[in-house]
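Enquirer: Residue numbers for the sequence shown follow the working numbering, so the first one is 2 and each next one is one higher.
Treat the hints with caution; some may be incorrect.
Said to hold, decoys possible - Using C-beta positions, here's what the derived DEER-type ranges look like:
hint: 1; residue 1: G74; residue 2: N408; range: 29 to 37 Å
hint: 2; residue 1: S178; residue 2: M406; range: 18 to 26 Å
hint: 3; residue 1: P154; residue 2: N55; range: 37 to 45 Å
hint: 4; residue 1: G112; residue 2: E283; range: 23 to 31 Å
hint: 5; residue 1: D134; residue 2: G74; range: 28 to 36 Å
hint: 6; residue 1: S114; residue 2: N55; range: 29 to 37 Å
hint: 7; residue 1: T42; residue 2: E283; range: 35 to 43 Å
To be verified - In silico lysine-lysine, DSSO-like type, Cα no more than 27 Å apart, as pairs:
hint: 8; residue 1: K46; residue 2: K388
hint: 9; residue 1: K22; residue 2: K363
hint: 10; residue 1: K22; residue 2: K46
hint: 11; residue 1: K63; residue 2: K8
hint: 12; residue 1: K113; residue 2: K363
hint: 13; residue 1: K388; residue 2: K8
hint: 14; residue 1: K22; residue 2: K3
hint: 15; residue 1: K8; residue 2: K46
hint: 16; residue 1: K22; residue 2: K100
hint: 17; residue 1: K63; residue 2: K3
hint: 18; residue 1: K231; residue 2: K191
For the record, the hints were derived by calculation from the structure and aren't laboratory data. Where is the CB? At the ideal position from N, CA and C, for every residue including glycine.
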Amino acid sequence: MKITDAKVYVGGPGKNYVTLKIMTDEGIYGLGDATLNNRETLLAKYLQDYLIPNQIGMDPRKSEDIWQFFYRGAYFRRGPVAMAAIGAIDMALWDIKGKLAGLPVYQLLGGKSRDSFKLYAHAAGADLPALLDDVARCLDQGFRSVRVQCGIPGMPTASYAVPETTDHEGDFITDFSGIRPKVEIWETDKYLRFMPGALAEIRKTVGPDIDILHDVHHRLTPREAAAFAKEVEPVGLYWLEDPTPAEDQEALRLIRQHSTTPIAIGEVFNSIWDCNTLIEEELIDFIRVSVTYAGGITHVRRIVDLASLHHIRTGFHGAPSHSPISMAAQAHLNVWAPNFGIQEYLTLGTEACDALFPSKHKAEMGQMSLEDAPGLGVDFDEREAVKYDYNPGSHPVVRLTDGTMWNY
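Generate the whole structure from the sequences, applying the supplied hints.
Expert: What follows is the structure, given as structure tokens:
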């Protein structure tokens with residue numbers, strides 16, 4: 002069996018999904034997701050000009066060897082572009098192998114540890130009343146785990162993942178008006194004075210049985226993060242996400258020394274070497290890698306196995322930039338992983354998205370279950386794909402009030 006061709010498609014409903022389709026001489030094809038927010042065309046070119054020509058003629062069943070070929074065979078390794086490209090290839094190869102075997106991918110991993118798995122939703126508001134209304138919307142949809150992000154009184158602009166006004170709808174993170182990003186202004190003192198009380202009010206409103214998650218998005222220094230994590234301990238957060246910049250692993254030791262609040266980190270990590278210290282020293286409670294950015298099923302499975310040895314659970318990234326192909330790949334890992342924790346779940350399931358990526362996987366009442374279709378269980382309709390073109394967009398950048406660049 003040989004790989005005969007591969008194609009890359011860029012575009013989708015409200016997102017620039019980067020979809021890889023690998024074809025074989027036996028008529029079986031596999032699908033992978035290489036979407037990297039605001040860098041989508043780089044992935045497409047890297048796949049088209051470098052990786053695809055090298056995989057023509059390879060045996061798609063040798064997914065481990067192919068992964069090593071593209072990783073070890075490169076002198077300059079890792080990074081989000083390279084690992085997302087390898088991740089897309091790896092997903093597609095697992096998809097092909099599942100179809101060859103007539104089995105869903107989770108059976109190739111070792112079978113199910115659970116029949117369905119828990120999802121968390123996002124709630125946001127320009128102020129606390131608007132946020133509480135959005136939390137109520139999530140609970141009405143059946144979610145029992147909700148990430149909460151709130152506008153900060155007196156902050157000159159909206160903060161991370163928060164709409165600018167109380168009546169705002171739609172995507173308020175990615176700006177598709179052009180490639181130049183908007184600027185958010187950040188004031189740590191205002192955040193630290195307001196957010197602990199807001200989280201306490203949310204807990205009082207929803208009661209003890211709802212999981213509350215909160216994302217700091219790398220905005221605090223280690224000392225500030227340690228103090229914040231300690232102050233919010235009475236809230237009983239399910240997790241505190243990215244309290245400091247993820248590359249500063251020493252900072253997690255300081256937070257651990259001062260607080261028992263669970264910490265989730267890793268959505269910007271690309272490999273096991275980015276997080277092995279955090280895992281082996283048990284400085285985090287949830288690992289947030291994604292199957293796309295971290296090199297596919299083959300590599301993420303290794304991260305999951307390492308985490309399971311150190312009492313660390315999964316909490317895979319699931320932002321709108323992940324297409325249903327990537328979310329399906331993570332779903333197969335989720336039903337298998339003995340140390341599964343929770344799965345982020347955002348704006349999939351629209352009519353247009355379902356038409357582009359047909360699937361019978363189900364997400365309802367805060368849980369996701371998989372259809373027992375061979376491979377990943379998601380298809381790609383090329384007739385729908387022609388409706389979409391690349392649409393340049395950007396995330397905001399962050400500055401302090403004096404103009405200093407800060408962490409997004």
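Enquirer: Hint by hint, say whether it matches the structure.
Expert: Against the structure, the hints:
no., hint, in the structure
1, G74 - N408: 29 to 37 Å, "holds (33 Å)"
2, S178 - M406: 18 to 26 Å, "holds (21 Å)"
3, P154 - N55: 37 to 45 Å, "violated (54 Å)"
4, G112 - E283: 23 to 31 Å, "holds (28 Å)"
5, D134 - G74: 28 to 36 Å, "violated (52 Å)"
6, S114 - N55: 29 to 37 Å, "holds (35 Å)"
7, T42 - E283: 35 to 43 Å, "holds (39 Å)"
8, K46 - K388, "holds (21 Å)"
9, K22 - K363, "holds (23 Å)"
10, K22 - K46, "holds (14 Å)"
11, K63 - K8, "holds (20 Å)"
12, K113 - K363, "holds (16 Å)"
13, K388 - K8, "holds (17 Å)"
14, K22 - K3, "holds (14 Å)"
15, K8 - K46, "holds (11 Å)"
16, K22 - K100, "holds (14 Å)"
17, K63 - K3, "holds (10 Å)"
18, K231 - K191, "holds (17 Å)"
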